[in-house]
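*Asks:* Given next are the chains, with one letter for each unit.
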Amino acid sequence: MTVTDTENTGSTEPQLSPAGNPMGFGRMLRKEDVRFLRGHGHYVDDVQLPGMLYSAILRSPYAHARIVSIDTSAAEAHPKVRAVITGATLEGLNLAWMPTLSHDVQAVLATDKVRFQGQEVAFVVADDRYAARDALELIDVEYEPLPPVMDATKALDPDAAVIRTDIEGKSDNHIFDWEAGDAAACDEAFAGAEVVVEQDMLYPRVHPAPIETCGTVASMDPITGKLTVWSTNQAPHAHRTLYAIVAGIPEHKIQIISPDIGGGFGNKVGIYPGYVLAVVGSIVTGKPVKWVEDRSENLMATAFARDYHMKGRIAATKDGKILAVQVDVLADHGAFNGTAQPTKFPAGFFHIFTGSYDLQAAHCKVTGVYTNKAPGGVAYACSFRITEAVYLVERMVDVLAYELGVDAGELRMKNLLRPEQFPYTSKTGWEYDSGDYPRALRKAMEIAGYDELRKEQAEKRERGELMGIGISFFTEGVGAGPRKHMDILGLGMADGSELRVHPTGKAQLRVSCQTQGQGHETTFAQIVAHELGIPPEDVEVIHGDTDNTPFGLGTYGSRSTPVSGAAAAVVSRRVRDKARIVAAAALECSPDDLEWTQGRWSVKGDPEQGRTIQEIAMLSHGSLELPEGVEGHLDASVVYNPPNLTYPFGAYICVVDVDADTGKVHVRRFIAVDDCGNRINPMIVEGQIHGGLAEGVGMALMQAIAFDEDGNCLGGSFLDYLLPTALECPSWETGATVTPSPHHPLGAKGVGESATVGSPPAVVNAVIDALKPYGVRHADMPLTPCQVWLAMQGRPARTDLALT
Amino acid sequence: MHRISVTVNGTTREGEVEARTLLVHWLRDSLGLAGTPIGCDTSNCGACTVLMDGRSVKSCSVLAVQADGSEVTTIQGLANGEWHPVQKAFKECHALQCGYCTPGMITAAVDLLGENPDPTEEEIRHGLEGNLCRCTGYHNIVKAVELAAGEMREAAK
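If you read the sequences in order, they're chains A and S. Take the first sequence: its position 64, counted from the start at 1, is 64 in the working numbering, and no numbers get skipped. Take the second sequence: its position 138, counted from the start at 1, is 942 in the working numbering, and no numbers get skipped.
Mixed in with the good hints there might be a few duds.
[Stated by the list, open to error] Cut-off 27 Å, straight-line C-alpha distance, at most; resulting in silico cross-link-like pairs (DSS-like, lysine-lysine):
no. : chain 1 : residue 1 : chain 2 : residue 2
1   : A       : Lys31     : S       : Lys895
2   : A       : Lys154    : A       : Lys113
3   : A       : Lys664    : A       : Lys772
4   : S       : Lys947    : A       : Lys443
5   : A       : Lys443    : A       : Lys455
6   : S       : Lys947    : S       : Lys892
7   : A       : Lys31     : S       : Lys892
8   : A       : Lys31     : S       : Lys947
9   : A       : Lys321    : A       : Lys772
10  : A       : Lys287    : A       : Lys80
11  : S       : Lys895    : A       : Lys506
[What the hints assert, rightly or not] Just the calculated beta-carbon pair ranges, DEER-fashion:
no. : chain 1 : residue 1 : chain 2 : residue 2 : range
12  : A       : Leu719    : S       : Ser834    : 27 to 35 Å
13  : S       : Glu919    : A       : Leu16     : 36 to 44 Å
14  : S       : Glu820    : A       : Gly51     : 18 to 26 Å
15  : S       : Arg817    : A       : Pro482    : 54 to 62 Å
16  : A       : Asn548    : S       : Ser834    : 52 to 60 Å
17  : A       : Asp545    : S       : Gly836    : 20 to 28 Å
18  : A       : Ser69     : S       : Glu919    : 50 to 58 Å
19  : S       : Gly836    : A       : Pro627    : 50 to 58 Å
Simulated from the structure, these hints should not be mistaken for laboratory data. All C-beta atoms in this analysis are idealised placements derived from N, C-alpha and C, irrespective of residue type, glycine included.
Given these sequences and hints, build the entire structure.
*Replies:* Next comes the structure, spelled out in structure tokens:
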């Protein structure tokens, strides 16, 4: 394959459109910014409908308690209250429980008992948002507290309280056991290895925390029976099917509108009780009902991410050839198994944990358990748990380097897959489509000035100053399906797209995926421009409305460009093929005599004789006699079923300084070399990388949702759950290599989650490297000043529990 | 109920509010100025930042009655609804993605540049510390503020 070493795209410089935009790939300012910059974005909470009512949810103060009684009479007597709904009301409607995305059920409103702090207990609909909140105070719930299960490592103890007493015959908190790889081959490799290193590590529970919380407006028309739902969601079509299943409303009578979304990061994939309750509220009151959660509700009750307790082992030769990796995982799934991932993958894509290395054997075993915490698990730009996988292997490689006393960069270089090994089938069954890993790592080391940094570090160590250099190398796998291997609730992971070229040559592209800031209105228009020669400013991208877009599985797992982007390319090519027949009819020649140059079909050898796509658009809507079998108009549709995942990769280097007196970490530099294949809009790609790097710094140093032993969530506000600000982030240094995907029609690979997946181990490796003089080999994230200080004292804490 | 009169985006607006009504709710729900979003309710994220008498405030932490008699400018009133140099620079530098923090980030930046027309990168980062963004990693926001500062200094010459 060709590897282009470039800062921008793999393509040649395209010509410019009348508006000065690239006629295809290249840096193009975003179309959507015109509204966002002037306060004209349209988010869910901006939806105002005539007669609309507001709602609020009463939540459990306990992590585990039996509900003895609920008295709603005082709330019902409030003059502005229109409805009060409890679990008992829902039981009457057979709506108290709803299916999760992992074949479990979740309470919409608690009936028997509450299972996590912040769980939904009652729902109030009122004239305004203040009255709805007032009425919550008037609901009297009597609880009988039960012992909570807060430590995942004790969830399977014989004396642990059973959380899911709703499941008949359930006598423990076990959810599933799952494994991948070859255990026997792995045991053999370990038995014969000269060096074996083990390390326990926790990827703590974190929360995506988009700045816009989750919310919905539900409007059931009592006359037509049509339900219209505006909601913060990344997958409108999947939501429509789920609403039909949950509420029993016929699917053709449901319209899901996902307007502008204020960040998703996986937080807005699933359906939350509040969404269902707003629908119930609208049915009960006959009015549209708005529900928007506040920040604490968002952090305490909606999809968290990670919470993986991992026991890693790595086997190698004395001279640093890695032979095998093995890992046992205890996965904390919270009170309901609500992870959002393809059905056959209960641990997501975690078994890509062999990473970017050439191994002889690998094996993992994952055990999922219930605890008294909010459900979720797969969220937060994790590419279905590749985040945990990359963290595991990249920490293990550093731990091995520590034990062998070798440079972590050299050790990686020695073990990376080589370009000639692609396509490469990993020991756990993934077929990596393309890559040149050593080149990306060399480039990152070059930008960083790696050797000079090591020299500087040595000098600083002499003076007692703590400086660390951390590397991570990641392989991502994004763009789920194919549909035969991957489905969510039985819905195969393929995406539709429709393209209509209007008579005057302007076009509308309809896609099933849903932007949450990724800039689809721009990049997808660029794809059409690239394929058809219609200027991107003449292409309107329509998305986020199930009545007006074709079916598809949505935007998460970095799948927009790999799947819907491919669909947009293929549908454009279908239009191009149709245009060829129309042009041939107009030019009175055979379609075979025509050749395509950007935006125009012309006669081979006589380029003067031709028709532009705009001319063809008018011709195909006009009175031109078309050959038999061509119906006229200029449009096409497609369902794109990806043949494989795409495999972006990258090399990251982080440089930190640690204050030896306070344990405070300063991220001085961060170098990111990403290879996501061809870049449609390099500006947008870079922006997404920047964002993911900040997330990585946040997770490595600041963010964690911990709980005390009584079940209190210790990260329930932005005062407690700390996000990186402009001060914690350096100016990011980015670079690129381009290895086009061999099976994607545009050679693109997707990039939205690469940096979130790849960056946390670089930061952690840097901090641990800085602490080497203290003999620190590992400490769990987040590496807060307190945690760093404890690590320096030789007693790093468990960061999922309250410090005692 | 309390009667208030506030000059919002150059127009005098009057209303009856409860003492507890937050300025951001009055702007959004009563005046329909939905361009100012709500992100955290606890004054941590800064998405709801507006200018009150020329200084940036987080409108989720200001009562509507406290704004009585003042001048409030939201994202929708910057540059009379045309393009303020900071807005232009945000577009040029790709300093936004989902757009949700953007109104607050821009008004905070306008206040920052009012106080310090020629800030260093460090000063920009300090000045915007109270505004969270989850998409951009702040890099392009800092660049945009630098660009806008230059443009505004040039225009002031």
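*Asks:* For each hint, tell me whether it holds in the structure or not.
*Replies:* Now the hints, each set against the structure:
no.	hint	result
1	A/Lys31 to S/Lys895	10 Å, holds
2	A/Lys154 to A/Lys113	21 Å, holds
3	A/Lys664 to A/Lys772	16 Å, holds
4	S/Lys947 to A/Lys443	25 Å, holds
5	A/Lys443 to A/Lys455	19 Å, holds
6	S/Lys947 to S/Lys892	12 Å, holds
7	A/Lys31 to S/Lys892	13 Å, holds
8	A/Lys31 to S/Lys947	20 Å, holds
9	A/Lys321 to A/Lys772	23 Å, holds
10	A/Lys287 to A/Lys80	14 Å, holds
11	S/Lys895 to A/Lys506	25 Å, holds
12	A/Leu719 to S/Ser834: 27 to 35 Å	29 Å, holds
13	S/Glu919 to A/Leu16: 36 to 44 Å	40 Å, holds
14	S/Glu820 to A/Gly51: 18 to 26 Å	21 Å, holds
15	S/Arg817 to A/Pro482: 54 to 62 Å	56 Å, holds
16	A/Asn548 to S/Ser834: 52 to 60 Å	32 Å, violated
17	A/Asp545 to S/Gly836: 20 to 28 Å	23 Å, holds
18	A/Ser69 to S/Glu919: 50 to 58 Å	57 Å, holds
19	S/Gly836 to A/Pro627: 50 to 58 Å	55 Å, holds
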